[in-house]
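Novice: Residue strings, one per chain:
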Amino acid sequence: MTKISEMPAVGRGFISNLELPTFDNLAWTTSVPANQRRISIVSTAAVSRRGDKPFSWLAKDHRTFHKDDRDLVMTHVAVEFDRSAWQQDLNVIIPLDRLDEMETDGEIGSVADMHYSFMGAADPVTMEKSAREVAGQMKQEGVNTVFLIPI
Amino acid sequence: MCGLAHYFESEGLSTVVVGFVREHIEAIKPARGLFLDFPMGRGMGKPNDPEFQKKVIRAAFELLEAETGPVLEDFPEIIPVRDGRMGYALPPELVLSTNDIGDVDKLVAAVQGEIDALFPDYEAAVAARGRTTVGASELAIKDFAPFISKFIRGEIPKSPRKGLPAIPLLKLVVEDLEAYYTETRTHRDGIDDLELMGKWFWEETRAGQLLLSLEAVSIVSENKVMLQIVEMSLMTPRFWSEGPLPGSSAAGW
Numbered sequence: 001m002t003k004i005s006e007m008p009a010v011g012r013g014f015i016s017n018l019e020l021p022t023f024d025n026l027a028w029t030t031s032v033p034a035n036q037r038r039i040s041i042v043s044t045a046a047v048s049r050r051g052d053k054p055f056s057w058l059a060k061d062h063r064t065f066h067k068d069d070r071d072l073v074m075t076h077v078a079v080e081f082d083r084s085a086w087q088q089d090l091n092v093i094i095p096l097d098r099l100d101e102m103e104t105d106g107e108i109g110s111v112a113d114m115h116y117s118f119m120g121a122a123d124p125v126t127m128e129k130s131a132r133e134v135a136g137q138m139k140q141e142g143v144n145t146v147f148l149i150p151i
Numbered sequence: 001m002c003g004l005a006h007y008f009e010s011e012g013l014s015t016v017v018v019g020f021v022r023e024h025i026e027a028i029k030p031a032r033g034l035f036l037d038f039p040m041g042r043g044m045g046k047p048n049d050p051e052f053q054k055k056v057i058r059a060a061f062e063l064l065e066a067e068t069g070p071v072l073e074d075f076p077e078i079i080p081v082r083d084g085r086m087g088y089a090l091p092p093e094l095v096l097s098t099n100d101i102g103d104v105d106k107l108v109a110a111v112q113g114e115i116d117a118l119f120p121d122y123e124a125a126v127a128a129r130g131r132t133t134v135g136a137s138e139l140a141i142k143d144f145a146p147f148i149s150k151f152i153r154g155e156i157p158k159s160p161r162k163g164l165p166a167i168p169l170l171k172l173v174v175e176d177l178e179a180y181y182t183e184t185r186t187h188r189d190g191i192d193d194l195e196l197m198g199k200w201f202w203e204e205t206r207a208g209q210l211l212l213s214l215e216a217v218s219i220v221s222e223n224k225v226m227l228q229i230v231e232m233s234l235m236t237p238r239f240w241s242e243g244p245l246p247g248s249s250a251a252g253w
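Protein chains in written order, with the numbering used here: chain A, 1 to 151; chain B, 1 to 253.
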């Protein structure tokens, strides 16, 4: 298991010194049955549709993309993660094709039309307003389940 | 990521998070978390492996069956990382100084030669995948090396892209250049090996040498943002190194 204590010095120092958000009340929403789940992906890979405004380095805002969009680019500020995987296959960070297949096979209810991207390097507390806007948009299109995937 | 989950959950949406740093999931306590012992950048584990990707998704969605939480589980399969690092890192001893840069025109010409030689295979990769990640900068491929070379010569050029200053644009151009090389090579040679791709691009290509030259200029730059992007490993891959870039204090971290 990769533990923070086993990471090399520079990364270990950064990750162990991050100020993590705390939440006094741990929210819990009971899930609907699998065949009723309408699922939207939230990625913190700072991806967006080609031509969209790039993310700023500590962006609080988000970008939106449709489930059929595949022409995505990444403007994440960090370079410490592997980018060669998503270059080969978008599904390794945003598994839209897999969710489509699972919908067809009846494993889930449906894949949402819209999906969302944030800048993972930013403090999530600064993203609260944007996250709540996204939640409103999700509910408008009947989403009840969110699959959050980092980069 | 775990913090965002709290906001969605409090809006009446059920959430499940996957994550690479177990200690963070433990501390932030999202409603449902699945720890992945994978390299960062590979949330579903393996590119072009639908069955493995579905195993990860199914393991994550299984957590939605829990009646109470928070729930934290470990995905049972591990994708090993090298020496505890979560991505490629330049060898600490591979550092250029401004004295090592030499003739910038010749270096740019050599990079353009590499780019031209790779182009047929890049086109084949794009055709096969139906997409490319190159182009976040919106500069033409032929303009990548000349744009970077201006910074190596000590200039901060005017940004050709409206609404995006020159240094943030530079970062995107650097990433586009690397993506052009690695997209091409992963397809041409059927390679999926992040360590091998990093070693090849950064240690063996002239494009890598161009970017190490840029780093050498940046670390002695009087421009605070140029200095910051190398000190914070935001341009060259030193985040997983055993020490900060020589000449920097890593004070940004």
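Note that these hints are calculated values from the structure, not bench results. Among the hints, erroneous ones may be present.
[Claimed, not checked] On the chain A side, residues computed to face chain B include the following (Cβ under 8 Å):
(1) G11
(2) S84
(3) F118
For every residue, glycine included, the Cβ atom is placed at its ideal position computed from N, Cα and C.
Novice: Under the constraints set out in the numbered hints, which ones does this structure not fulfil?
Specialist: none
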